[in-house]
Amino acid sequence: SQQGEEDPQALSIQEGENATMNCSYKTSINNLQWYRQNSGRGLVHLILIRSNEREKHSGRLRVTLDTSKKSSSLLITASRAADTASYFCATDAYSGNTPLVFGKGTRLSVIA
Amino acid sequence: DVKVTQSSRYLVKRTGEKVFLECVQDMDHENMFWYRQDPGLGLRLIYFSYDVKMKEKGDIPEGYSVSREKKERFSLILESASTNQTSMYLCASIPGTGGLKNTEAFFGQGTRLTVV
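Line order of the protein sequences matches chains V and U.
No gaps in the numbering here: position 39 of the first sequence is 39 in my numbering, and each next residue is one more.
No gaps in the numbering here: position 38 of the second sequence is 38 in my numbering, and each next residue is one more.
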């Protein structure tokens, strides 16, 4: 099944820096979503970007989508220690009634 | 707020036991899902359901079954638990009929199952 692949697998930055995570996928999609997971917990939805959108903002989050390259990026600006978590992208296939397929995630560590 | 509740945070079971993982959502969502999460493998879909009494296999259904007798409850069943089913299990629900387009998923807090 199709799957988003996040890059890098792990990222360590200082508090106040920006964090950028990337996601690549294989087939046409309706939308791409980003989720966050604190250690040992469930996933929490962050942002959804539709296939006809190129950029979306939510607070300190900025998501871009390039459907020609089948890729997306998540930027977290002015990171905080509380942003330490794993981040996943999820996609659905353009055709059919398919459920969300998740990538393997990027583990972000923000050091105070 | 939408709430998806999984019956246990931690569970320890013996090999060969029949195990039930329960998931309940309180927002009348049509679609419910079971994923398992393992280090280095991300989230993998086990089963999902679009409606009561309906079920569809995901990517890794072997060794599992599901039950959806009521709209709000989606149960994952390990018929005979094995050590390779030790994992984090995540339940999710998505609102809407006629497809899953452009809607976010709501997750439970996860059940960490250990089979010994």
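Since the hints were derived computationally from the structure, they do not count as laboratory data.
As the structure is a prediction and not an experimental result, all values here were calculated from the model.
Cβ coordinates follow ideal geometry from the N, Cα and C atoms, glycine included.
Heads up, a few of these hints could be off.
Under 7 Å between C-beta atoms, here's a sample of chain V residues computed to sit facing chain U [said to hold, decoys possible]:
#1 P8
#2 L11
#3 S12
#4 R41
#5 G42
#6 L43
#7 L46
#8 G103
#9 K104
#10 G105
Hints, one by one, checked against the model:
Among the interface hints, the one on P8/V is violated; its C-beta lies about 14 Å from the nearest C-beta in chain U, farther than the 7 Å criterion. Against a cut-off of 7 Å between C-beta atoms, the interface hint on L11/V is violated, since the closest Cβ of chain U lies about 16 Å away. Restraint check, S12/V versus chain U: the minimum CB separation of about 18 Å is more than 7 Å; hint violated. Because the smallest distance between the Cβ of R41/V and any Cβ of chain U comes to about 6 Å, under 7 Å, the interface hint for this residue holds.
Against a cut-off of 7 Å between C-beta atoms, the interface hint on G42/V holds, since the closest Cβ of chain U lies about 4 Å away. Taking 7 Å as the C-beta contact cut-off toward chain U, the hint placing L43/V at the interface holds, the least distance being around 4 Å. Checking L46/V against chain U: minimum C-beta separation of about 9 Å lies over 7 Å; hint violated. A cut of 7 Å between beta carbons decides the hint on G103/V: the least distance to chain U is about 6 Å, and the hint holds.
Interface restraint check: K104/V against chain U, minimum CB-CB distance 4 Å, threshold 7 Å, status holds. Hint status for G105/V relative to chain U: holds, with the closest Cβ pair at about 6 Å, below 7 Å.
Against the hints set out earlier in the document, violations occur for numbers 1, 2, 3 and 7.
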